[in-house]
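**Q** Chains as they are written, first to last, in the working numbering: chain A, 1 to 325; chain B, 1001 to 1355.
Since the hints were derived computationally from the structure, they do not count as laboratory data.
Errors might be hidden in some of the hints.
[Said to hold, decoys possible] Here are the simulated DSSO-like cross-link-like pairs (lysine-lysine), alpha carbons at most 27 Å apart as the crow flies:
#1 B:Lys1179 - A:Lys47
#2 B:Lys1279 - B:Lys1233
#3 B:Lys1027 - B:Lys1179
#4 B:Lys1287 - B:Lys1277
#5 A:Lys281 - B:Lys1041
#6 B:Lys1349 - B:Lys1041
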Amino acid sequence: MVELNILEAVRDALDIELQNDPSVYLMGEDIGPNGGVFRATEGLQEKYGAHRVMDTPLNESGIVGFAIGMALRGAKAVPEIQFVDFIYPAFDQIVSELAKFRYRSGGEFTTNVTIRSPYGGGVRGAHYHSQSPEALFAHTPGLKVVIPSNPYDAKGLLISSIRDNNPVIFLEPKRIYRAFKQEIPEEDYTVPLEKANIVRNGDDITLVSYGSMLQNTLEAAEIASNELSINCEVIDLRTISPYDSQTIISSVKKTGRFISVTESPKTAGFGAELSALIGEKTIDSMEAPIMRVTGYDVPFPFILEHDYLPSADRILSAIDTIWEY
Amino acid sequence: MRKILQLDGSIINEAIEPSIESEELLKWYQSMIQLRLLDQKGIRLQRQGRVGFHIFTTGQEAHIGAAAALNNQDWIFPAYREHGAAIYRDMPLEEIINHLFANDLDINKGRRLPGLFGNKKINFVNPSAPIGTQIIHATGAAYYASQINPEEVNIVFFGDGATSSSDFHSGLNFAGVYKTPTIFICMNNQFAISVPLEKQTASNTIADKAIAYGIKGEQVDGNDILAMYSAVKDAIKHAQNGNGPTLIEAFTYRMGPHTSSDDPSRYRPDEEVEEWKLKDPIERFKKYLIRKDLISEEENSIIYEHYDKKINELIEIADSRPKPKLETMFTDVYDTLPGSLLEQWEEVKFFTEED
């Protein structure tokens, strides 16, 4: 076992895959001698060569298109987009090309690309270093969207994503990159995609979250338990698309109360999808309104970001509302 | 501008005439004829309402020379008028025609507009419809190919409009930086649907754009199949000597409309089309073959009749086939069907009758 934070777990997964499989290539801006602006690829170019850990021209659309071409020819390409806020120039390559190659070719041409990118707020990054655009990609058939919330999952999910034959958008919660360490196996292991994880058992309310919001959700669940004697079940979704609806449905049938916690804007965010699922599948079990705690429908703010992000207090308020309903 | 064949089929300068086996030259010619016939029949089928769409290729058949310069292991990234490259690589006409009808035997499972097909068996990649996106794919594929098979090069086709796209910039810039064995062929037919070249770029030539990327650029007569072949042969040599990519501007003209939905009389004069008729790539190559005694007018008619009959028969067979199965709406989104798609498939089955 080793004690690693999320960032180190990501690097460890990349190291293992570069070691295991000569078809794995990394490419991105500043990922070479600089090791990435967050240091996720530190030391990897030195170890595997500039031909496999490639510093690229500053062009996100080019990085993704280049990775798609490599993958068509048989590589497992793992591009890094420095901040997910810079992914939009590559949106056409992701949505029109990456997500559709298998389908449009009748299964003949496939694109094993895992796009890694730090996402999320709370780092004093303002509009362009803080966004959480997972819903845009979850709305695109053909992509998998994966978001870890802890070091163990970060390593196991990233290895699974690279080995998966489908394109994956792998969003890394940068606010908690170095927030805490966890004992994880030193060797190679995987965590399955499309499988949620029940991280706290409870009978009263189901809370679903993922990524950096999971910490706030767990904090709220602990306070609810200690101070209000409300026992929340907390589900870490881990894969946003295609997602594990069964785990959520089973939990909500038991609790009859549901809150999703996501940091992206509210309207048409991923919480809306989860609310619709509950509305369609478990309405007979519901004891209270289906709730969302989200960011607001504004461009990501700067100095007021902590008022924007779902805090434990805001989650507790939603818990209180539906408990008292 | 590189040019080998005169309009009368004679050679400008014997020193630059590529030396090619007779049988191979005839294969080029037969590929051109099949493509021309498919173009004529495709639009008729569209006008009859038997297929939904048609993309014209007449006038641009000399791209077959570019494909002929490659080895079969080299990947081709077409735009959407390079079906001749697939024919040259022996993609069976049945497969192309089944694709036009999007029937149950279509290798792309009835998911694409007629003409936008790909075929893994011949390393002919599925194009999309957003313009230029394949240019950077070709660069990435060539980069990985250079890592695992130093003999390999690949080729990407795109139109003059695509040179304005961001992916053109990405593709040439990355290729220049990594010196990838990529051959970029701009089929400059001088119109992006209706927009003429001078509204697309202020560069003197498209080949000039190579200078900014630090790569080799060359203008070629895009209606001269021998020039296309020899330009690509030189580009292959250039790549295999470690000098990286080449941008080839093939100067040509689209004789037909952009697609079955386009009316070119709105944006170009008939006289211009008439002028380009004199430069027809098939007629010019035929004259060359006649001069070399490889074909006679009579044999030429036999070839046309042979393919005309064959294609007509294949059309009737393809048209009688059923649509692809309902399940093909859901397969290949991912390698396996997630629960959400299984559920949606069940739903559509309930509303659809299928044997």
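**Q** Confirm or reject each hint.
**A** Against the structure, the hints:
This hinted pair checks out: B:Lys1179 and A:Lys47 have alpha carbons roughly 23 Å apart, not beyond 27 Å. Taking the CA atoms of B:Lys1279 and B:Lys1233, the gap is near 23 Å; set against the 27 Å cutoff, the hint holds. Taking the CA atoms of B:Lys1027 and B:Lys1179, the gap is near 33 Å; set against the 27 Å cutoff, the hint is violated. In summary, the hint linking B:Lys1287 to B:Lys1277 is supported, as the alpha carbons are separated by about 15 Å, within the 27 Å threshold.
Simply put, A:Lys281 and B:Lys1041 have alpha-carbon atoms about 52 Å apart, too far for the 27 Å limit, and the pair is violated. With a C-alpha separation of about 35 Å, the suggested pairing of B:Lys1349 with B:Lys1041 is violated against the 27 Å cut-off.
Consistency with the previously given hints fails for numbers 3, 5 and 6, ordered from lowest to highest.
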